[in-house]
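Reconstruct the complex from the two isolated chains, following the hints.
Listed in order, the protein sequences are those of chains X and U.
Residue 1 is where the first sequence starts when you use the numbering used here, and the numbers rise one by one after that.
Residue 721 is where the second sequence starts when you use the numbering used here, and the numbers rise one by one after that.
Quick caveat, the hints were computed from the structure, so don't treat them as lab data.
Keep in mind that this is a model prediction, so the values were computed, not measured.
Just to be clear, a hint being listed does not mean it is correct.
Each pair of labels, with its calculated beta carbon distance range [what the hints assert, rightly or not]: (1) X:Ala-358 x U:Asp-869: 57 to 63 Å; (2) X:Lys-152 x U:Lys-730: 52 to 58 Å; (3) U:Lys-848 x X:Lys-384: 47 to 53 Å; (4) X:Ser-310 x U:Lys-848: 42 to 48 Å; (5) X:Ala-244 x U:Ser-733: 42 to 48 Å; (6) U:Lys-730 x X:Pro-237: 40 to 46 Å; (7) X:Asp-193 x U:Lys-730: 52 to 58 Å; (8) X:Arg-609 x U:Ser-733: 38 to 44 Å.
Cβ coordinates follow ideal geometry from the N, Cα and C atoms, glycine included.
For reference, the chains in residue letters:
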Amino acid sequence: MSAGTITGIGRRSFLKTGVAGAAGLAIGFYLPGRFEALAAEPAAAATPASLNAWMLISPNDDVTIVIDKSEMGQGILTALCMMAAEELDCDWKKIRTEFAPAAKEYFNPAFGMQGTGGSSSVRSSWDPMRKAGAAAHDMLLQAAATQWNVDKSACRTENGVIYHDASKRKLTYGSVAEAASKLPVPQDVPLKDPKQYRIVGKPTKRLDTPDKVNGRAEFGIDVRRSEMVYAVVARCPVFGGKVASFDATKAKAVPGVKNVVEISRGVAVIANNTWSAMQGRRALDVKWDEGPNAAASSASISQLFADQMSKPGAEARKEGDAASALIGAKQNIVAVYEAPYLAHATMEPINCTADVRADRVDVWAPTQFQTVAQGTAAKICGLKPENAFIHTTYLGGGFGRKAGADFIIEAVEISKAIGKPVKLTWSREDDTQHDYYRPASYAKMAGGLDPDGWPVAWTTRIACSSIMEAWFPGSTKNNLDPTSVEGVANLPYAIPNIQVDYVRTEPGIPVGFWRSVGASQNGFFSECFMDELAAAGKKDPYEFRRHLLNKSQRQLGVLDLVAEKAGWDKPLSAGRYRGIAVLEAFQSFAAQVVEISVDRKARSVNVHRVVCAVDVGRVVNPANIVMQAESAIVYGLSSALYGEITIEGGRVKQTNFNNYPVLRIDAMPVIETYIVPSEEKPTGAGELAVPPVVPALCNAIFTATGKRIRRLPIRAEDLA
Amino acid sequence: MAIQFIVNGKQQSVDVPPNMPLLWVLRDTLGMTGTKFGCGMALCGACTVQIDGDATRSCITPVSSVAGKKITTIEGLSSDRSHPVQRAWIEVDVPQCGYCQSGQIMSAVSLLAKNAKPSDTEIDDAMKGNICRCGTYQRIREAVHRAADLHKTEAKPSRPHGTEDALEERALRAGGAA
Chain X
1 MSAGTITGIG RRSFLKTGVA GAAGLAIGFY LPGRFEALAA EPAAAATPAS
51 LNAWMLISPN DDVTIVIDKS EMGQGILTAL CMMAAEELDC DWKKIRTEFA
101 PAAKEYFNPA FGMQGTGGSS SVRSSWDPMR KAGAAAHDML LQAAATQWNV
151 DKSACRTENG VIYHDASKRK LTYGSVAEAA SKLPVPQDVP LKDPKQYRIV
201 GKPTKRLDTP DKVNGRAEFG IDVRRSEMVY AVVARCPVFG GKVASFDATK
251 AKAVPGVKNV VEISRGVAVI ANNTWSAMQG RRALDVKWDE GPNAAASSAS
301 ISQLFADQMS KPGAEARKEG DAASALIGAK QNIVAVYEAP YLAHATMEPI
351 NCTADVRADR VDVWAPTQFQ TVAQGTAAKI CGLKPENAFI HTTYLGGGFG
401 RKAGADFIIE AVEISKAIGK PVKLTWSRED DTQHDYYRPA SYAKMAGGLD
451 PDGWPVAWTT RIACSSIMEA WFPGSTKNNL DPTSVEGVAN LPYAIPNIQV
501 DYVRTEPGIP VGFWRSVGAS QNGFFSECFM DELAAAGKKD PYEFRRHLLN
551 KSQRQLGVLD LVAEKAGWDK PLSAGRYRGI AVLEAFQSFA AQVVEISVDR
601 KARSVNVHRV VCAVDVGRVV NPANIVMQAE SAIVYGLSSA LYGEITIEGG
651 RVKQTNFNNY PVLRIDAMPV IETYIVPSEE KPTGAGELAV PPVVPALCNA
701 IFTATGKRIR RLPIRAEDLA
Chain U
721 MAIQFIVNGK QQSVDVPPNM PLLWVLRDTL GMTGTKFGCG MALCGACTVQ
771 IDGDATRSCI TPVSSVAGKK ITTIEGLSSD RSHPVQRAWI EVDVPQCGYC
821 QSGQIMSAVS LLAKNAKPSD TEIDDAMKGN ICRCGTYQRI REAVHRAADL
871 HKTEAKPSRP HGTEDALEER ALRAGGAA
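The following block holds chain U by itself, in its conformation from the complex (with noise of 0.2 Å):
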């Protein structure tokens, strides 16, 4: 049977086996490869994706308890490298292989949602779910700082740029034409 939800602000219906974690699902089902594999055992961080908001590791989130949430993936950020987040990792020259780094990226989002001044201590709490073997911790930590400063400068009531709340908004209004 068909499991219905939305990722990046697109409405998507998938027939899978139910148990199938999210991440296989995104990858090899959806062909959204940002979302990388590191562990499948939810040790790594590399599959952050969020779900209605929070920061979730798709390795060991069955699909079918997804259906009928919003699902936010690294590509969905921004269509343009535009997010405070992407733009604080850009500056700050963050990857190096890059494979851990969409990973980071979300679980960096997510932390600065509910927190929007993190010290560094609140970032190694936040971001230790998240290996990075080449070793980029000491940048991590400065841009999540640097996008908590992109942040303050650039608060808006609405996020700038194809963010995931607009991209929704027109496949909602798309659906609902159909």
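Chain X extracted, bound-state conformation (with noise of 0.2 Å):
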């Protein structure tokens, strides 16, 4: 299969027509960029010659790297072409992107199957894609020499052109494409020596910037079909609830309107535009029957959590004996934290177009899981995998949400029954109140200091639902979701005792993957309890870390830096306060340093800086992790500011961005960003710096307030 021709044509075609009206302007005020290179084209590229599933090279020299990941803003497209492209030494001018179609081929090693998630992407593709570069390099090289009739060792490659210098000629990647493309592909040529890189660890700009500010990059929301209709579904409010019965007239009556059907998750109303279809389902009457959960509230949810500290958990981690250290310590610190539900908000509302066929189903989406998008489309349809085709768009935001098949079904099944394309909508309130939350959580903490000040026993015992099982039931072991204990089972402390377990509790409340996952609520409760401890003992909150994490080199790294350029050692302006705090997450480390002040008589508190220290082994494109590490920090920030779901009569109290309020311009700190230099393995950077954020500020409040904060998000109460 050539991955090229499947997406690629149409929407070269397609950026091709669009920018025919620029084409021979001199474009030269910003660096690589796919817009340049499609203005540089000749009207007729023929088709390209495939060397691998993620590489074809055009007569023209235009080289088309094929995105397998899902680009939702964390940069991933640009840090894939550079890992390519370092290897296949291109043009880097002369590089396109397609995203890539759901098959094996671009399976991610993580996960077992195509996706995008759990920070994976620079890590999973780190191999594969400097391999693929590196094979496709060596046989643009043999085609060469063996037109030249000269050995291979003979010719070199520089920026697309292989050069034989003794004959001082040269031919372009584009020339020989076709006759390397035909040509076995080479098992274990060797890598690059990082040392000689050209591309990757360089500051790089985003490949995707250019159509990202004229509005032609495509969002599964802007995908148009011929004959297309437009859908909003009406969905239980009750988690777990079903329609009893619905009556359309009235909705039907509404201009626009043409259909009313039921589908698993509800009513779909189909309008010819989306506005038509909302008023045509704001016009629908329907009867629900709201099933088990409509009398939970946070509040009973919140009770169930506490109701399980006193019973036995899943060991998540055990060393020593922590209960009898406990009891043994000089000074005991007990403390309970909450973590409320959160939504993803992703700034682009859930939403997937699909046109069912009777022998093939297209499905245009921004979704993270492409096969899982593709096994749910073709179950629906009766068809096997292979005739359902995944068409990824670019992602509005993502943050775990669009990893969720539930708006796959919802498109998948109102074409399946209107027989026609049909492109779905979700409002902001549908996605306010339908996410896969983020899990409410409640951890009970407890920590024994010796007469020194230093721990001598931590505790943890967690109760909240389990992602994993939600998603993929029997994954977990012994009742053990790792993902409800991350970032706080992997303490890196040197505490000699030490107990961390699990009690897996169901609301009932639909919870998935957000942005860090368990460490954004376990962070908050470890770093916050560990500046607990810290204050009990009487120490610096850095030193008091510092001095255990000296079997933590890592994490030591990220923590000595970041003290270092806050300027941890010298004494703040009057009237401000700050916090720390390091952690681990998804095998990389950051610390953070937040400063704040607090206006105790309107209880407000004013974010001024935050400065980071990440560590994610050898970097690839460090400007990259400048931005995802910004972009953790106001989504952190978000959640500890004004980030609540609340649950009342089984339902989503919060709608829109009105009662969901997240971080604005107006609210945003100065973030300075450090990376320390590193060798090892490249891990991802795209949810690092959400956990920190979070126990760092609180710290900081803790430190002009007095108060600990223990349940978020922060209310006025506690600035008080």
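Right, here's the structure in full:
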């Protein structure tokens, strides 16, 4: 299968037409870009030659990199091209990209299926992309050598051109790509010495930026098909409920509404535009069978969790004898922490376009999980997976939300029911009220200090829903979901007695992967509680951590760097306070210092500055690491300052950005990011910086007010 | 009854319910998807367009209210990414997921039209209606400053390249001939 021909040619033609007016203009004000390459493209590009599943080269020297991860803002599109181009030695300006179809070749080794998440993309693509680039490079060299009848070792490449210096001959990649594509793929081609890198490790601008400043980038919600109709779905407001009956008379009377059909997840209203479909849904009369969860509330869920604290949990970590060590300790500190459900609130609301035909189904979606989308669509249509074609678009934010199959199910079922291509759009209210939420979680923490104020025991018991059991039933062992305890089970501190356990508790609210997953709440629990121990032991919070990290060099590295850059040893100006936190997440490491002021009369906190240090192993694109750190810090601050989904009557109270607020530019602190140089294998950066910012902020508030924040989000009364 | 207005210099006539928001007319009826749906309540700014030069949330603007008016969308800012705000956005590499950026850029264009040299506080004040969940705010501030510099160094009586005015002039000429 040639990936480039599936989605590629169509989109390329579209782009070419779209920029035709600009062809020939001098566009020198930005560096490498897809648009620039296109503008220079001759009128007709012949079929590209496929050198492997990721790399196609056209006779005009354009190099198409097939992107098998979802680009949702995290910069993976550019990073994958950097890895490939480093070994391929192609001309960066001639790179274009296509999103991969759903196919086995593109399975993420971290998941065993095609998908993007868990900060796994750079980590999982680092070897395959470089190896593919090196093999393709070798094939191009061989093809030129054969054409010249010289030995391959006498040839070299530079920027997409092959040279035979002895005879002063040269050939471009495009001119030998066809011949190269017919050669056997060589195995184990040596990879470059990192000292020779000219792309990897250099700050590189995003390849997708030019299409994101003029409205041209196609997100899922922008997909248009001929004969397409528009749909919205009415869903039971109570989780687990279903349709009892409905009357479509009034909905069908709304101008523009064409049809009303029941699907497995509710009632779909179909119209000739999105707005009419929304008006039709407003007029729709549905009676719901609310099911068993109609009485659930945030208070009842919190109580349910609290009741679990006396029950035995699944053991996530056990070192020494924490229970006895607590009894023998000079000082005991006990605290209960709570974190709420959180919605993802991607800027692009959930959507999916589907076209079900007798022999195939096409799905255009901003999906993070192509294999799941493919299997889901095929199953609904009674087709084989290979007849379900998944067209991944740009994602207007993902954060884990778009790993869900719910929107795929809805769109495919509607198209199947009405026999037409349909675009399903969720309103912001749908998105806020029917998410797969970051699980609410409850933790009881206990620590014991010796007479010198150093910890001798640490215990944590956590109660929350299991994400893994909700998404992949049967995937956990001994009732222990690692995502429920990550961020505390991997506590890096040298404490001789540690016990962490988990009591799986299911209140009936759908949960899912929310940027940084378990570390988002457990990082708050563990790093705030560490601060409590430091204060109880009368130690400086930085020195306290430092002392206990002597065997955790990478945590220590980011902690020392952040303290140095934040000026931890220097006094703050009057009215300013700071807090610190350090965490490992997804095999990467981050530490942060948050600097704040608190207006105790107005009961408000102002975040002035966040200093962040990260260690992500070898860095592919330093510019993107900085972007991801800033992005994650903003995401984390939103959750700490405002983020709360509350349940009442089995349904979500919040509806839109007015009552589920997120950080806006007027609350944006100055963020400084520093990278620890490393030659370790590269690891992910997309989620890493979310977990530390919440505890660092809460620890800073403690220094300002003397009050501990043990329940999120931060409330006005916490600041009085 | 058809409602007429000008989008990016081109005369448009649409036959839709008069209370249909301009956002959906642009996206679904006219197929101009650069303007984004984010909240439907003027809370996030993703749908920002200019109506007679003023930044406006198209998601709550009934199409009937723009009859006879001139609308500029992200697609109409320039034909070649040459608008100083677009150039600044590219130089600073502002977008991440990019979904909110049409609205961010349209708000920034409006701000700079009224205030050629905004301070950080003035930028925050003008841009706080535009949410970015990727957290690109730091670079948005930087890019607005950069765009202000570009505007200043390139100040000309008429705007460069196929911008709204030029396109509109062409459309009017074409209309006159028809």
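Okay, the hints, checked on the actual structure:
1. At roughly 59 Å, the beta-carbon separation of Ala-358 (chain X) and Asp-869 (chain U) lies within the given 57 to 63 Å, and the hint holds.
2. The beta-carbon spacing between Lys-152 (chain X) and Lys-730 (chain U), approximately 56 Å, falls within the hinted interval of 52 to 58 Å.
3. Checked against the hint of 47 to 53 Å, the C-beta distance between Lys-848 (chain U) and Lys-384 (chain X) comes to roughly 51 Å, which is consistent with it.
4. Between Ser-310 (chain X) and Lys-848 (chain U) the beta carbon distance is about 47 Å. The supplied range of 42 to 48 Å therefore holds.
5. Between Ala-244 (chain X) and Ser-733 (chain U), the C-beta spacing of about 44 Å keeps the proposed range 42 to 48 Å intact.
6. Our hint of 40 to 46 Å for Lys-730 (chain U) and Pro-237 (chain X) holds, since their Cβ atoms are close to 43 Å apart.
7. Separation of Asp-193 (chain X) from Lys-730 (chain U) is about 56 Å and conforms to the stated range, judged on CB atoms against 52 to 58 Å.
8. Hint check: Arg-609 (chain X) to Ser-733 (chain U), Cβ distance near 53 Å, so the stated range 38 to 44 Å is violated.
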